[in-house]
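Engineer: Protein chains in written order, with our numbering: chain Y, 1 to 547; chain A, 1 to 250.
Possibly wrong hints are sitting among the right ones.
Unchecked claim - Here are the simulated DSS-like cross-link-like pairs (lysine-lysine), alpha carbons at most 27 Å apart as the crow flies:
#, chain 1, residue 1, chain 2, residue 2
1, Y, K135, A, K18
2, A, K50, Y, K290
3, A, K50, A, K248
4, A, K69, A, K81
5, Y, K290, A, K81
6, Y, K415, Y, K381
7, A, K50, Y, K135
8, Y, K298, A, K18
9, A, K81, A, K198
10, Y, K268, Y, K135
Hints listed in this document are in silico derivations from the structure and should not be mistaken for laboratory results.
Chain residues, written in single-letter form:
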Amino acid sequence: MTSTTAGASGLVRALFLGSAPKAAFLPFPEPDAETRETADEIFAMVSAWAAETIDPAAIDRAAEIPVEVRDGLAELGLLGLIVPEEFGGAGMGQFAYSRLMEAVAHRCASTVTVIGGHMGLAMKPVLLFGTDEQKAHWLPQFASGERLGSFALTEAGAGSDAGGLRTSAEELPDGSWKLSGTKVMITNAGYAGVFAVFARTPDPEQPDLPLAERPISCFYVPAELPGVTVAPEEDKMGLKGSSTCEVAFDEVVVPADHLIGPRGKGFKVALNTLNTGRHGLAACCIGQAKLAAELAYKQAGERVQFGRPIAEFGLIREMLAGMTADIYAMEAGTHLAAGLMDRGETDYLLESAACKIFATERLWTLANDSLQVAGGWGFMKEFPFERIVRDARINLIFEGTNQILRTLMAGQGLKPLLQAGAPEPEERATVADFDARLAAVAGQVLEQVEALGSATAELLETKGKGLFFDQPAQARISEASVALYTALAVLSRATSQLTELDGQAAEARVEVATLAARRRLRAARASLALLVDPDSDLEGRIVERAY
Amino acid sequence: MNIVACIKRVPATETQPKVAADGMGLDHSALEYMLSFYDEIALEEAIRSKEAHGGEVTALTLGPTEASKELRDCLARGADKGRVSLDPACHPREPRTTPTPTAATDTARGAELVFCGRQATDRDNAAVGPMLATMLGWSCVTDVIELHIDGTSATAKRESERGIEHFRFTLPAVITCQKGLNEPRYAGLKGIMAAKKKPIEEAEPMLVESATEVVGVSLPPARPAGRIVGEGPDAVPALLEALRTEAKVL
Ligand SMILES: Cc1cc2nc3c(=O)[nH]c(=O)nc-3n(C[C@H](O)[C@H](O)[C@H](O)COP(=O)(O)OP(=O)(O)OC[C@H]3O[C@@H](n4cnc5c(N)ncnc54)[C@H](O)[C@@H]3O)c2cc1C
């Protein structure tokens, strides 16, 4: 049995090796009282503003976010939430950002996309990699909303394989750059003031490299520069109010100091950006999931069939209880990762991916359940159920498709197993670390963590490096790690919360947390049971014959 | 100019109150709280008056220590300081028990303008403003929908059922604020961050005993469910018939 260290290597990485290191998630990394209070105040303010200002149905119908709504985001100062105070922002961290995203998403999925594209993505390159001068130049404009940002990575030929991009930037004699290429499906493009564009730049060491092999760099390209053309809006299934366009760059001359981050390290800039952006997306899913669940509960309580409210029927209850439990789990996973980020952990790639996978997929099924509870009325545009379903669909695709994230998690998680000399074991969590009322389910979760470790090790033994070509097996290991990460987050969060609750409130929390953890346990077991899929050869042959 | 906004922490209007087990009040554990609707307008007018004429806005409340949460919101919107006159048993309260200790505070006495909501959304007494003015011996205009201040004199429009009344008066004065006077602002992120550096004081006021006693609280009887008699113009006869014979309102 192999073990690993926590902290530096992270909780999910440790799960692949069969251990749940205590320091990585216990006690639950709650924000300090002041941060929590500020985040709550922001949440309340934004929720009140959104309820009064944003009409999500009208935005969906018009396929446009009114300019007052976008201006409102700026006037309330929300676009600078995570910008350091010295650059005109509020200097808040990922926890506060998550709560902001949840609050806006609870009202309107299209509107929250504006913030995600701007603050979650476009602003990150300069925030994470900019020089002091660049920060002083760009961040105040971003924070005030004077320039809305847009993140332009994807191209027609480079989607999941973003590293296949072909946009190029040639260095001019005065040090500026001539940038050409076309980006597609770019959020915020219709009203962006600046595009974070990823382009291939010549390698000074190897000037003769063909375009496809040149390193990538990140540029901030102001929208008003000659040669920047934004195409008309795409007509989308959901998130209709958000702006998504193709953007063409035709020999755009970009000043030298608009290159953000080290030259040639643009791909790293992009990946790091997506890493936190993805976590913010999970927070959006919490907001929409709460909305869908509230609507479902209301409908189930009011709709009478066979002489009683449909909430009294077992099959409806199963869906409703699953929503409550899983929203608790989404919050636990997302806030755990936020806590780790805010306390300065630098390796949260896998946690962030785990949050995105669970939250986006669960929102999708939850929105579908909510529509099911509403019956035929749920299918009608007069009610919000169908809009929530349409809006939820994209989350499984952008900021890294969930397939890509699963293979990425497995690749990263399995790496240490291939390296000789596994690190010293860190103190592991035991049943005694959790609230006694959660002991039974905690024991089962910890057992399953060990089972994941053994399964992974065994799989590596039988398949060896071949495992890296077996995507279904990789996806199932990842799936189990996502489920167990989330279950541990639930148990840790509930354990912390229970120290402040008593009576009925405590009882209710224990029950929700128990169901939430058990549901993840079920998911983990199902994934591990199918680890060696007896049908995979069959599947291969069927597809081979047909395409 | 010293400006005071009197605000109240009230049960959130969306939450459905439950009667406490002893039947003598509400079950407070099940309630969420908010700044009373008309008090938001009072606070907004206080802040606008400061912005126009200079001075300082104090948000003042009589209530439990938890009311500092609502005061913090007032500070975030632009008030300069907050003050809670502590009254832990603030729930079984008659109108007099609020203005009496309030009128005794230096905060109120030292002000030129005191703004109150026209009524608090929990008890709807609409009494504190006028009683406070009476105790202070100041001018008072209630239900104000427009206000102009010019030095130490002011004009206001008051909305009443019969029409609009126009008043002229001198400061100090107590104004109670009606819907329409202004559109309250949102705090904004900068306001929320700035509020952290603003002071909230707690004070022990001279509380007065309530002269009335609550002997029971009950919820209004549940309304019977509605009935849809039909749709569109075709349903009109059936509706008229139902209103005449069933509801007996025609
Ligand atoms: C509304 C919207 C907004 C967007 N906003 C932005 C934005 O602001 N900036 C930006 O740069 N991009 C944006 N995108 C683009 C988005 O990031 C891409 O759509 C996404 O990365 C997937 O790329 P693709 O669409 O080319 O799909 P593909 O990469 O062609 O994938 C097609 C399918 O194949 C699967 N697949 C691909 N490779 C593998 C593999 N190796 N193993 C297993 N399965 C695989 C995928 O999971 C997917 O199911 C946006 C897209 C949409 C729809």
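Engineer: Does K248(A) lie within 27 Å of K50(A) when you go C-alpha to C-alpha?
Structural biologist: violated (54 Å)
Engineer: Check the hint pairing K69(A) with K81(A) against an upper bound of 27 Å on the C-alpha distance.
Structural biologist: holds (13 Å)
Engineer: Sort out whether K81(A) lies within 27 Å of K290(Y), counting only the CA atoms.
Structural biologist: violated (36 Å)
Engineer: Just to be careful, I want the Cα atoms of K135(Y) and K18(A) compared with a cutoff of 27 Å; is the pair within it?
Structural biologist: violated (53 Å)
Engineer: Between K298(Y) and K18(A), is the straight-line Cα distance small enough, at 27 Å or below?
Structural biologist: holds (19 Å)
Engineer: For a C-alpha distance cap of 27 Å, please report whether K50(A) and K290(Y) respect it.
Structural biologist: violated (40 Å)
Engineer: Straight-line Cα separation of K50(A) and K135(Y) no greater than 27 Å?
Structural biologist: This hinted pair is violated, its Cα atoms lying about 36 Å apart.
Engineer: Within 27 Å, alpha carbon to alpha carbon, are K268(Y) and K135(Y)?
Structural biologist: OK: K268(Y) and K135(Y) at ~19 Å, within 27 Å.
Engineer: Do the alpha carbons of K81(A) and K198(A) lie within 27 Å of each other, as the hint requires?
Structural biologist: holds (6 Å)
Engineer: Checking one constraint from the list: CA of K415(Y) to CA of K381(Y), max 27 Å. Satisfied?
Structural biologist: Given pair K415(Y), K381(Y) is violated - Cα atoms ~48 Å apart, limit 27 Å.
Of the numbered hints listed earlier, those contradicted by the structure are 1, 2, 3, 5, 6, 7.
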